[in-house]
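*Asks:* Kindly produce the complete structure, drawing on both the sequences and the hints.
Note that the protein sequences, when read in sequence, are chains U and S. All residue numbers for the first sequence refer to numbering that gives the first Met the number 0, where the first residue is 0 and numbers rise by one. All residue numbers for the second sequence refer to numbering that gives the first Met the number 0, where the first residue is 0 and numbers rise by one.
Read the hints as simulated data drawn from the structure, not as lab findings. Cβ atoms here follow ideal geometry from the backbone N, Cα and C, with glycine treated the same way. Possibly wrong hints are sitting among the right ones.
Stated by the list, open to error - Mimicking PhoX-like on lysine-lysine, the simulated pairs with C-alpha atoms at most 20 Å apart in a straight line are: (1) S:120 <-> S:140; (2) U:67 <-> U:395; (3) S:86 <-> S:75; (4) U:395 <-> U:412; (5) U:101 <-> U:412; (6) S:120 <-> U:11; (7) S:140 <-> U:11; (8) S:120 <-> U:155; (9) U:101 <-> U:42.
Claimed, not checked - Calculated from the model, a selection of chain U residues having no Cβ within reach of chain S, i.e. all distances over 12 Å: (10) 75; (11) 115; (12) 167; (13) 251; (14) 256; (15) 303; (16) 341; (17) 376.
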Amino acid sequence: MSTFNALMREIKFTARDRTVVFWMVTVLGLSAISLAFGLAEVKHQQATIQQLLDANQQERDAEFEKLKDWGSAAYYTFHLTYDAPSDFAFAALGQRDVQPWKHRIRMLALEGQIYERDVGNPSIALIGRFDFAFFTAFIVPLVLIILLYDLRASEKTAGRYNLLEATVGQSSSFWFLRAAVRSGALFLCLIATLFIAGMIAGTAVSKLLLAGLWVLIYIIFWTVICFFIAAWRKPGSVILMTLITVWVSTAVILPALSRLAIDKLVPVPPGADILMMQRETVNDAWDLPRETTMNAFFEEHPQWSDYQQVESSFEWQWYYAFQQVGDQKTRDLSTAYQNGRLQRADIAAWVSLLAPPSLLERSLQALANTDLNTSIDYEESVRAYHAALREFYYPKFFLNQPFDKALLKNLPKFEPNQ
Amino acid sequence: MFVYPQHSGFNAMKLQTHSLHITRSGKEILKGITFAVDTGEVYALLGGNGAGKSTTLLSFLGFLSPSSGTIQVNNKDVTSDVASARKMIAYLPESASLYEHLNARENIEYFLQLAGTSANKNDIDAALDRVSLAAEARLRKLRDYSKGMRQKVAIALAILRDTDVLLLDEPTSGLDPSAIDEFHQLIRSLADSGKTILMVTHDVYGACQVADKIGLLRNGTLVGEFTAQGEESIDTETVHKAFSSSIGTSSHAEPA
Numbered sequence: 000m001s002t003f004n005a006l007m008r009e010i011k012f013t014a015r016d017r018t019v020v021f022w023m024v025t026v027l028g029l030s031a032i033s034l035a036f037g038l039a040e041v042k043h044q045q046a047t048i049q050q051l052l053d054a055n056q057q058e059r060d061a062e063f064e065k066l067k068d069w070g071s072a073a074y075y076t077f078h079l080t081y082d083a084p085s086d087f088a089f090a091a092l093g094q095r096d097v098q099p100w101k102h103r104i105r106m107l108a109l110e111g112q113i114y115e116r117d118v119g120n121p122s123i124a125l126i127g128r129f130d131f132a133f134f135t136a137f138i139v140p141l142v143l144i145i146l147l148y149d150l151r152a153s154e155k156t157a158g159r160y161n162l163l164e165a166t167v168g169q170s171s172s173f174w175f176l177r178a179a180v181r182s183g184a185l186f187l188c189l190i191a192t193l194f195i196a197g198m199i200a201g202t203a204v205s206k207l208l209l210a211g212l213w214v215l216i217y218i219i220f221w222t223v224i225c226f227f228i229a230a231w232r233k234p235g236s237v238i239l240m241t242l243i244t245v246w247v248s249t250a251v252i253l254p255a256l257s258r259l260a261i262d263k264l265v266p267v268p269p270g271a272d273i274l275m276m277q278r279e280t281v282n283d284a285w286d287l288p289r290e291t292t293m294n295a296f297f298e299e300h301p302q303w304s305d306y307q308q309v310e311s312s313f314e315w316q317w318y319y320a321f322q323q324v325g326d327q328k329t330r331d332l333s334t335a336y337q338n339g340r341l342q343r344a345d346i347a348a349w350v351s352l353l354a355p356p357s358l359l360e361r362s363l364q365a366l367a368n369t370d371l372n373t374s375i376d377y378e379e380s381v382r383a384y385h386a387a388l389r390e391f392y393y394p395k396f397f398l399n400q401p402f403d404k405a406l407l408k409n410l411p412k413f414e415p416n417q
Numbered sequence: 000m001f002v003y004p005q006h007s008g009f010n011a012m013k014l015q016t017h018s019l020h021i022t023r024s025g026k027e028i029l030k031g032i033t034f035a036v037d038t039g040e041v042y043a044l045l046g047g048n049g050a051g052k053s054t055t056l057l058s059f060l061g062f063l064s065p066s067s068g069t070i071q072v073n074n075k076d077v078t079s080d081v082a083s084a085r086k087m088i089a090y091l092p093e094s095a096s097l098y099e100h101l102n103a104r105e106n107i108e109y110f111l112q113l114a115g116t117s118a119n120k121n122d123i124d125a126a127l128d129r130v131s132l133a134a135e136a137r138l139r140k141l142r143d144y145s146k147g148m149r150q151k152v153a154i155a156l157a158i159l160r161d162t163d164v165l166l167l168d169e170p171t172s173g174l175d176p177s178a179i180d181e182f183h184q185l186i187r188s189l190a191d192s193g194k195t196i197l198m199v200t201h202d203v204y205g206a207c208q209v210a211d212k213i214g215l216l217r218n219g220t221l222v223g224e225f226t227a228q229g230e231e232s233i234d235t236e237t238v239h240k241a242f243s244s245s246i247g248t249s250s251h252a253e254p255a
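*Replies:* As structure tokens, then:
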């Protein structure tokens, strides 16, 4: 019998098996639900960004009418920065639940503004979202285990095993084909829903194909594990317990232990320390001699040292200088915080090679630009934009340029990362 | 009549073992049994529980490897080419459990496809007619079948495999008396058409009615063999006496 005929025979047989059909319908339903959650969340985030853009523009138009000098313009004008969800973010929301993806910043000290943010629902941050990446990485292996653990054991229990083995001749290819049809059907359920969601979201086909490839490799991995363990001459209950142990080890224990170990191995300063240090620096500046602040500022901006010495009780260049010095003071802490997070992520990426569920989830998050690297890239884009704002305003302060509202249209515009 | 097995040449035999020893989990199940089944013969292996009947049957299918001795199907060593041996054999396990979510016809179609053959609807119905499975039951799922009805479907499947050799493990278990009679007639007609049949059974009377030869197994040893003479069936009383003796307290059966 040709492989094609054998394949058709097993597909027909599997389609008649109510238990298998039940699990396929369940996977189809749960996959659709996870994707619907993702699409709804992305739509909500896109709507939020659009609302903020509109509100920001309205507020800015109103504010510009009242402005009378460059210092007030810098102080009262808010600037919206955001990281728009990618066209694949619906499938893997990743760090967008716990890392900020929108800010309204001003010309004040920046580091505090970055880390002083809304953190969302902490319970969601703890358990994560039921998105496609989570469902596929953590739940689907359990369904595969249910479908494959008793592939042979159930036939032995039913008294069919010897008859099947005696009938098929080449038994290894028969069992493999039976497992492959079940796994293939599961893969199709996942990929069909993913592609439909992708079409709704307008996802690039290349991205969907790559995601499909990751999922396929992952399904093959678990199929091979289940297939070989199910081939043991052990009762179904023993095989099931063994497979569940493999799942618990790779999906729960190893990621949890590695996280504890990585946190211990790579200490990261608390984000709140950055905020506190910056606030104290800025607040203390009011009581310090002006020269102390300005000298610290000129160390990094010597080009302005010859201009506009601070003489009166309040001058904008002094005010923004101590804001900048606040950032300078916290730079080491902020860099340590960022490097620590990146280092932890790097180690976690290596460890995930031993924990396939984490590896798949991370791969899908990287594809969706919802991983930690993307989040840090966004923070960097905010810093770059803030630096551009300073470059815009500092000449106005230090060269004492006359205020001209028309020049505000030259304010740098935030360009979100693509 | 009862003779001790003395096979010296097996050249034309369809099924044969020679000094077959099989050990499982350190325990010797078969202790050097030697017998042969010729083309068109029905050979019944009789014995008590644990005598090694099913082990002998399964070793022809390559499920159990000999620790020593040989086992052949159509003069080919089973252990060296299990797949070829299995192709020549239709196997009917004890209380054959086919798929409960399929009906009789679907089960037969599926298993025939597994064996690399096929049969059309008429052939399947003809086989089911031969085993007297009621026509109205054929489209019902097997979960609604009695044990006897399931056994009939499995027998029909074995017939449709159209192999040279049939291995039957307690084939009449679950069948009612009239179905057992019909089954014996069927076995006889299959053998007469050239099929080689090896069956294991507890049923002394049935074995005597249908078999050309009966081998009596006790504790993994073939302690005797009975052969039908011409048109006469094997004498039931003799076999019964030897069988009772083999599972009773006496050390071995006495020749008649």
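*Asks:* Each hint needs a verdict: does it hold in this structure or not?
*Replies:* Verification of the supplied hints:
1. S:120 <-> S:140: OK: residue 120 of chain S and residue 140 of chain S at ~17 Å, within 20 Å.
2. U:67 <-> U:395: 13 Å, holds
3. S:86 <-> S:75: 12 Å, holds
4. U:395 <-> U:412: 18 Å, holds
5. U:101 <-> U:412: 15 Å, holds
6. S:120 <-> U:11: 18 Å, holds
7. S:140 <-> U:11: 16 Å, holds
8. S:120 <-> U:155: 29 Å, violated
9. U:101 <-> U:42: The hint holds at about 15 Å.
10. 75: The claim holds: residue 75 of chain U sits with its nearest Cβ about 73 Å from chain S, beyond 12 Å.
11. 115: 61 Å, holds
12. 167: 5 Å, violated
13. 251: 35 Å, holds
14. 256: 39 Å, holds
15. 303: Its Cβ never comes within 12 Å of chain S, the nearest being 83 Å, so this holds.
16. 341: At about 54 Å from chain S, residue 341 of chain U clears the 12 Å cut-off, so the statement holds.
17. 376: Holds, because the least Cβ-Cβ distance between residue 376 of chain U and chain S comes to about 54 Å, which exceeds 12 Å.
Hints 8, 12, counting from the list given before, are not met by this structure.
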